[in-house]
Amino acid sequence: RCHLTGSTAASPTSIDPEHRTAVALPVAAIKSLLGVIQRSKATTMMGLQEDLRGATEEMMTFATESPGSLQLLGGRSHIALASGCELFMKYVTRAFLELPDFAACIAQVLERGERFAGISLAARDRIAEVGQAFIQDGQTVLTHGWSRVVSNLLVKAAEHRHFSIVVLEGRPDAAGAKAAKVYADAGIPTTVVLDSAMACAMESADLVIVGAEGVVENGGIVNKMGTYGLGIAARELGKPFYVAAESYKFARLYPLNQSDLPPMGPAAKLNFVDTASWEMTGGLVGKAKAPVNTDKDGKVDASSVPGVVQFKPNQIKVKNPPCDYTPAKYITLLFTDLGVLTPSAVSDELIRLYQ
Amino acid sequence: RGGGGAGGSTTNPFRTLLDLQGALRTKSVYVLDGGGGGSGGGKGEAGEGASGSSSQETIDPAMDKRLPVFAHLPQYKDPKHFEKEFSGVALGGGGLTLSSSSAARQQFHPAILSLGMQYASGTIRGGNARAKAMLRAFQQVIRDYEPPTGSGNSNTAASGGRPPTSRSPKDDIRHDLDHRIIKPAFQYWTTQCRPHSVSMGNAFTFLKLAVAALDRDMALEEVKEILVETIDAYIHERIDLADKAISKYASSKIVDGDVILTYGCSNVVEVLLLEAARDKGVDSFRVIVVDSRPLLEGRALVARLAEAGVECTYILLNALSYVMMREVTKVFLGASALMSDGSVLSRVGTAGVALMARSNNIPVLVCCETYKISNRVQLESITGNEMGNPDDVVIAGCAMDRAGGSSECGGGDGSSSGGAKQTNSIISDWRAVPNLKVMNLLYDLTPSEFVSGIVTEMGILPATSVAVLLREMNPQDTNTAFMGDM
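Sequence lines, in order, name chains V and C.
Going by the working numbering, 305 is the number at position 305 of the first sequence; the sequence numbering is gapless.
Plus 355 on top of the position in the second sequence (first one is 1) and you've got the working numbering.
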């Protein structure tokens, strides 16, 4: 659990991308699984697999259902977590049949496990290496959401070239705005626009780079809501659409359309705030002319903040799925630690990885 | 041909062709005779008589019923007109009779002959059915197999099955089985009865490999036992179990409230729909079966689905756009063969269904076992196809004929017209009508862009991964330039 939350606090209240650890969630999970192997009391390979599977399920349950999970996953899906663990299990238990001695087996399994964890950790750097070549001087990169892989790639590319970034704001978690701070700190000229401006901003962009929560079998991706629209706009306007993702995110899913995605993690509650009118009412919290109400827990009563649109309970449905599915035909190339892949090569890799 | 004009001199076609050859400086000129391959006439065109020598006679171009674009394909052979071709199996008034004077009857096992007749008459249709029937027939033949007498090497169980110490090639059971029994039977079916499907071809290749893999000095009984078991295993794993696995993967894509469309009658689609109905309940989805003339195969599927309690709708192909736009949520199609670039060879009409689904953003899932994968690549529906009975297309009842007060329309079920009453439709006598040709193609090719996913026993794959499957299944066949480090 320490690994997963990346902090020693018992209940994390908020995890800023800037302050989260550098370790990706699935990689932390993989390291935990290594620990499970070390501490396992199983005497057969099947027993070990059972232990690993049990541990994976525990982690999945924690990640999706525990009270802190929204902050933990940041409104993302748990596909990468599931696929990372499954690939790890497949990888480590693959070549065990030849060894008669179980202790020797375990030693080899551990070695493979360390290697896998090492590969996953180094994946981001390798992706930055292959991906930088695709950004040229003077270009404008359009990006969406917060992804450590993408930010690593862009920051590394900025060391050799001059380009600018346009970031979509990223409601409801302001992921894009937070990412923009990171890029600006790295010295890259950055612009933030509304999510709804994506098609309009596409016209002045030269390429799109996004990360992925999961890469599915047909080469499509599951990523933060809004990526699908970005893909359609990019294709329509003839801009290349690149995805940066580690290979442990390759999942054995085959979505046929948006409604065919597996159930996602918890959805963030949406607040509808007329920020345009804040200027006039001076309605930022703490600066309101009228005192804002707090309930007994000290939480701000939303209805008292000026500009917040309140619905009668159960009058209007609000849907906020965290992720959408971008089909393979909108994706030009994927930057992975296995190299630069076309969407159709993803299935090839998956067949090999899961053989 | 330069055209002789009305009543003009009859030109010897060969002379013209030779001139053509000279003019084009071609190496050779293929005479595409409608009969092809020495098997004699092909189309039963009235007024042509024994067609083996038809290349020497003049054919009035207006009355020529051959289709130039499809002349390279095996042309349809009507079993009734060419009973001699079937080597002793004749359709009499009451049914099959075996003519005793045929040499072929002595050559082929009766199981082979009767299966050939079933292929030719269309009693057995569908990739799985034809391949299974072929393998079962081979099992029968193998069980009854006797090595050629006079080899002095026949082993029977009674003699303890002691293998001989050495066998010359002509005494080799494998060689004998392959050359005398298996190959000729397959050739007979393909050339005399009906061109083989990809499923049959792959199963046949498998059988040849199984025979060749036998131990050279194995006893006869053991040979038979092993071969029969191997065939059983193939049928069980690559067809029956594969269908079960496909059902499982495809059913996982069916959600409550789905309206599923399918075309024709595919064995594996039927299995998966029945399985899904069992697992999710018959009320969870409904099925629209699209059917088309002349085979009208969908009727059988609808009957079986309805019997199982599934809510079905039955339409003909011309109503497709209506249901597609309004109701359908998913399309499941079967395949006769899967090309290695992911395009699908299936019953004619399938490409249209896939196209319509694609343009309405409806996912199309093609269900196909891996044994139907062909390492050919076909780019359109012309180079590899099959011609059916042209009479099936023209002779059938229709509403207009009935309204016109003509006598009873015949052959409403699309079967061949033997005995069915002729309608007054002008094209029922199409052979006598000049400048009129009739075409009945059996297959078409669906490009891989229209296919959202291919469901095989290995899971759901994108169409681009069929080549990967082929590679994984046949690693010994991969020719790569990167063999350096091996």
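Hints may contain errors.
Result set (DSSO-like, lysine-lysine): computed pairs, CA atoms no more than 27 Å apart in a straight line [stated by the list, open to error]:
| # | chain 1 | residue 1 | chain 2 | residue 2 |
| --- | --- | --- | --- | --- |
| 1 | V | Lys90 | C | Lys603 |
| 2 | C | Lys599 | V | Lys90 |
| 3 | V | Lys269 | V | Lys239 |
| 4 | V | Lys312 | V | Lys178 |
| 5 | V | Lys90 | V | Lys181 |
| 6 | V | Lys156 | V | Lys239 |
Hint data in this document are derived by calculation from the structure and do not stem from the laboratory.
These are the hints, each one checked on the structure:
1. V:Lys90 to C:Lys603: holds (22 Å)
2. C:Lys599 to V:Lys90: holds (25 Å)
3. V:Lys269 to V:Lys239: violated (33 Å)
4. V:Lys312 to V:Lys178: violated (32 Å)
5. V:Lys90 to V:Lys181: violated (39 Å)
6. V:Lys156 to V:Lys239: holds (22 Å)
The structure shown violates the earlier hints numbered 3, 4 and 5.
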